[in-house]
Amino acid sequence: MVDLKDKLVLALGERDGVPAPALQACVESAGGQVIYAETQCFV
Amino acid sequence: MGGPGARPVVRAAQFVLAHVPGLVLSGSKPRRELARDGDVRGRVCERLRSCEDATAYPPHQVMLGTIPPAALDAIPRPWHLHPMPAARPEGPAGVLIDDVTFYGWLARGDAARLVRLHEAFAPRVAGLLHGARVATAGDDEWARALREGAEPFYYDRDRPAGFVLPGHDQDESLSGAVLLENLAAKVTGALALRRLVERSGAAEPIEFLIGSGEEAVGDRYQRGGGNLAKAMGELAGVTTVGGVDVKAFCAGPLHALLLAGSLVASGMYRRVAVVAGCSLAKLGMKMLGHLAAGYPILEDVLAGVAIDVACDDGRSPLLRLDMAAVQRIDVGSAPHRVLDALAAAPLRSRDLRLVDVDRFAVELHNPDITEPAGSGNVPAQNYQLLAALAATAGEITRDQMPGFIREHGMPGFSPTQGHIASAVPYLPHAIAALREGAAKRVQFIAKGSLFLGRMTAMGDGASFVLESQAS
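So the sequence lines, in the order shown, correspond to chains A and B.
According to the working numbering, the stretch in the first sequence is residues 6 to 48, in order.
According to the working numbering, the stretch in the second sequence is residues 7 to 477, in order.
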């Protein structure tokens, strides 16, 4: 288990997995800071 | 036009697959790889399929409606190693055409007279032009035109067939490449519409067209002006109609179907066709994975669709507008929330559960195309989340999730043609099953990647239920 508190995070999401805004919400709720967020669509 | 409203039904859907191996290198990924490494051309050309192989490819036969999606479960993967014997290029749900036929229609659909056929190729399509006059070009003019920005197209893998001239020398939106892409969308959508009309018999005329593809038709001042629907109608000979385009990335067709159903329910029109052409840019999108895995280039077909929405005829499946949903802006992006809004909530509103749906049609991309490129099995991922939603709601146990997926899902089979793959490939199969009473309820769920346009980080989605009228 990774402790995200005070960590800087690059959030690379996927449309058919977990999109970046959802990743960002999780990281920020754990006290981390998202410095880049992008959702990819592979199809 | 104009009358009492009626319950809308979805009567039919027809697909056109155009096998165009000579256009694979014009796709977005191949084009960029070719610019980086010229050796790619030879490696790709070695792996291009024949039309016979593309016809016998089991997922394409599912698209044409000759076998159900479930039949793929009994065929070992990768499916290209198990061609269907005696496969025909036509089925109840569509037709597969070869590149020569496609280019003939490209020339017929060239309203701006920007297409030139290579003089050596022109005789092959002469009988297909039906009076359309197309200029030809020899080798010298070919070389000069390509130097000046014309976009070439090839047949039989790499033999010159013709080129599309730029529409303006100072307008990126009218470049030869953009015009070829838009013409391809116009032709595939028009051919699907033509087939829909030809097979509908003596039904009432179509009164409106809704385009739902992802192309951008316009010029430098209005890059996405659109209404390719009307251009498709014109080419298809469906001329007593108006039209409009609906844009929503891959969720376009489902949004368009909801609007078509609403127009019929309101009484404004009695019959509306939803149309969508192909995505030329997505040819060869996963080719590096296919080359590495020793596969043929599987993304060698352009796909178009036309869908018939009309007043209740007493036998076709009802488009339940009261069990439809769109992804609202405030739903956020958490996958379980989005899926609840699109799948579970519309059912709950009618006291139904996920297990009350016989089959879910989700993103139906062929996993043989996506997995070698590291993009996973997209339908399976979507079904996994649906099953998890059902388990979270207490409808099934966690152990029952694999069984839920087998019973309510299906293997992916669609070409990776963007909006074409988003749930709609199951329409012909669903309509047949719902008409016969083999199924009671099918839910269609599509997603749209709005974030790709960099105007928002949001995704999008739309859903509806088709319900049987069979007793």
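No lab work stands behind these hints: they were computed from the structure.
Treat the numbers as computed from the prediction; the structure is a model and nothing was measured.
All C-beta atoms in this analysis are idealised placements derived from N, C-alpha and C, irrespective of residue type, glycine included.
Hints may be right or wrong, so weigh each one.
[Claimed, not checked] If you want a taste of the chain A side facing chain B, the calculated C-beta under 10 Å gives, among others:
(1) VAL23
(2) ALA25
(3) GLN38
Quick rundown of the hints versus the structure:
Because the closest C-beta pair between A:VAL23 and chain B is about 6 Å apart, less than 10 Å, the hint holds. Because the smallest distance between the Cβ of A:ALA25 and any Cβ of chain B comes to about 6 Å, under 10 Å, the interface hint for this residue holds. Checking A:GLN38 against chain B by beta carbon gives a least distance of about 17 Å; that is not within 10 Å, so the hint is violated.
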